[in-house]
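**Student:** This is what each chain is made of:
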Amino acid sequence: MQTKEFKIKWGMVIDIDKCTGCGACMVACQVENNIAPMTKKDPYNYVQSLTKDRDDASNKLKTLTWMNVYELSNGKAFPDHEVAYLPRPCMQCGNPACVPVCPVVATDKNEEGGIVSQIYPRCIGCRYCMAACPYHARYFNWWDPLWPEGMDKGLSPSVSVRPRGVVEKCNFCHGRFMKAKEEARINGEDPDNLPEGAYVPACVDICPTKAITFGDLNNPEHEVHKLAHGDNSFRLLEKLGLAPQVYYMSKREWVRKQGDNYIAGDDAHGTQGH
Amino acid sequence: MDSKLFPEGVQRCSFGQFMIWTLAVLAVFGWGLYAAVLVLYNGIGTTGLDNYFGFGLWITFDLAVIALGAGAFFTGLLKYILKIKQLEKIINLTVIVGFICYSGAMMVLCLDIGQPARSWFGYWHPNVHSMLTEVIFCITCYCTVLIIEFVPLVLEQKQLNKIPFIHALAHNMHINMALFAGIGAFLSTFHQGSLGGMYGVLIGRPYAFREGFFIWPWTFFLFVLSAVGSGPVFTVLVCTLMEKITGKKLVEFKVKALMGKIAGTMLCVYMFFKILDTWAWAEGYLPSVGLTFDQMFYGVAYGKWMFFTELVLCGLVPAIMLVVPAIRNRPGLLYTAAILDCVGVTINRYVFTVQTIAFPAMPFDKWYVYYPNWVEWASCAMIVAYGVLVISLSYRYLPVFPQETKLNYQTGE
Ligand code: SF4
Ligand code: SF4
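Heads up: the sequence lines are chains X and U, in that order.
Mapping to our numbering: the first sequence position 79 is 79, numbers consecutive.
Mapping to our numbering: the second sequence position 114 is 114, numbers consecutive.
Everything hinted at is true.
Taking lysine-lysine and the BS3-like style, the derived pairs with C-alpha atoms no more than 25 Å apart in a straight line are:
1) U/K254 with U/K85
2) U/K248 with U/K261
3) U/K406 with U/K254
4) U/K366 with U/K304
5) U/K366 with X/K60
6) X/K239 with U/K366
7) U/K85 with U/K261
8) X/K60 with X/K40
9) U/K366 with X/K76
Simulated restraints, written as ranges between beta carbons of each label pair:
10) U/D294 with X/N187: 53 to 63 Å
11) X/L61 with U/W305: 22 to 32 Å
12) X/E238 with U/L179: 44 to 54 Å
13) X/E223 with U/Y123: 41 to 51 Å
14) X/G75 with U/A24: 52 to 62 Å
15) U/L393 with X/P43: 42 to 52 Å
Read the hints as simulated data drawn from the structure, not as lab findings.
Don't be surprised by glycine CBs; every beta carbon is placed ideally from N, CA and C.
Let's have the full structure, built from the sequences with the hints guiding it.
**Tutor:** Quick look at the structure:
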């Protein structure tokens with residue numbers, strides 16, 4: 001298995017020690033990417049009203065949350081108890097589990113920058129990619145998207161809305177990427193050599209503690225390059241070999257260990273393997 | 001009333017009785033159809049599936065019936081290619097069972113995918129790297145082959161067969177059956193394998209991921225072997241159940257025992273490799289990614305009891321029972337072994353589908369337990385009802401069992 005390499009590799013470094021778990025990134029993502037709110041009733045579907053209500057946002061396993069914040073715990077009792085928050089976008093894996101399995105090439109990693117794309121009009125909704133992705137970064141449209149009256153006016157024009165029955169996921173706010181490249185072209189700059197900060201996803205933009213840094217992992221001038229190579233950086237499930245383009249950093253050892261399937265406080269697992 | 005349509009020289013229950021039976025089956029079918037309409041109209045949000053369990057009962061059901069339907073291709077291979085004559089006494093039934101299993105699985109798949117109207121994308125935009133693409137291609141081709149194998153049987157219906165053209169057609173199709181049996185065996189082997197491959201390539205899912213041979217992970221071969229190790233005895237069970245319901249002897253026991261022997265031999269080969277595979281996975285792969293064998297199991301739904309039931313009670317035990325002639329030749333024991341064998345392969349498909357994705361790969365995630373809801377159960381029941389219906393009609397009107405007259409209505413040798 002080979003990691004697909006690109007000249008530019010857009011990536012994130014998320015500082016877990018800075019993240020307060022406020023969830024602003026999740027909200028920014030919902031708004032930026034036209035993710036429909038979950039509504040119980042569908043006024044247009046009469047068959048629906050005859051049988052079962054749709055799921056509302058209380059069913060966390062059926063909501064769409066491209067960016068999800070997990071709570072980590074060191075598992076110790078009160079005075080020593082610590083928690084950490086781990087925001088999880090799509091990792092845009094270098095060796096994605098989801099891409100080779102898709103029967104219809106609805107998802108692919110072929111664009112300069114290394115973002116794993118998702119083509120909604122092609123997806124047949126087989127959900128094989130969801131079974132493949134261990135990060136649970138892929139979401140299925142269980143219900144027809146529905147915006148309560150008035151809310152549809154707030155839709156972002158640069159992001160397509162997805163129909164029922166397809167899989168979707170974070171794409172590092174691809175629309176913003178397009179826009180940044182377009183602006184570069186207009187200004188006579190090289191769209192393939194965007195300066196740091198010209199293109200940032202919505203979650204990075206909004207994070208009040210500046211826990212997320214975004215940029216080209218391959219470019220030594222970019223902050224992410226430095227952070228990703230720092231001593232405290234790690235990637236989730238490194239050992240499984242998916243080579244994510246999202247890095248995390250934490251000064252706390254238990255956090256780093258948890259990130260790669262070492263069970264906290266249990267060194268037995270940590271010493272084996274290669 | 002419909003006695004003119006019966007196969008030559010057999011007795012069937014009265015039309016009224018048959019209608020009562022059919023209506024009962026249709027009632028189940030209708031319940032499932034209602035669920036299916038709901039799914040198609042409202043989307044699969046109506047099911048118990050969610051973002052954690054993108055695959056659930058439907059996929060398990062598909063994989064299980066496809067494995068159990070493997071009797072068709074494997075028996076066809078042995079009968080037509082290796083010319084094991086005995087098997088012609090049960091070959092018709094294996095074809096019907098195979099046809100039902102495959103067409104049923106395809107119906108479930110149509111419900112299962114989120115965008116059924118796009119099913120043809122699998123051919124139009126195929127991803128040659130995806131095991132699922134291979135499955136899509138082979139499964140449709142093989143279903144076509146099964147139809148081709150089923151048609152001559154339909155054409156042999158007494159009244160139809162009186163028409164000279166149809167008679168000749170059926171005859172010619174029969175002559176070429178070896179060709180289709182060959183194609184079928186090839187196609188079926190491949191997608192049985194690809195179904196296993198589908199799981200073995202999941203690099204992010206330690207429960208299922210396997211190292212491999214060339215482009216195929218071990219699971220590719222394990223799925224083929226487990227299917228041929230259980231498909232033949234599933235046909236035996238269907239046959240026996242039909243005998244119990246109709247009160248007639250349809251296939252002589254010798255043939256059933258032969259099917260048991262074939263399945264048993266394959267099951268032994270399968271168990272040998274399965275145990276090796278499990279050992280290599282637990283001792284080699286899991287530690288290499290910082291996991292232990294114990295971590296792969298959880299609670300009752302994903303417990304070790306299931307693992308041992310699959311491998312020992314429903315794997316080794318029936319394998320031994322089926323290869324030892326003294327046990328295999330006792331009807332009660334043969335059927336017991338057959339049931340265990342089929343349960344074993346079903347558990348295998350279940351754990352590969354559900355346990356694989358239930359395992360919390362991210363250490364801070366937790367196990368979830370998946371419960372299918374009534375919509376999923378009902379649509380599976382619909383497929384079973386559909387199968388029962390096809391078998392009932394075939395049995396009543398088509399010459400499925402060449403031995404029936406001899407075994408039931410003639411005395412003496
Ligand atoms: S995180 Fe999941 S969805 Fe995203 S690229 Fe990796 S495997 Fe694919
Ligand atoms: S759900 Fe869509 S993107 Fe995922 S594997 Fe199936 S067709 Fe591909």
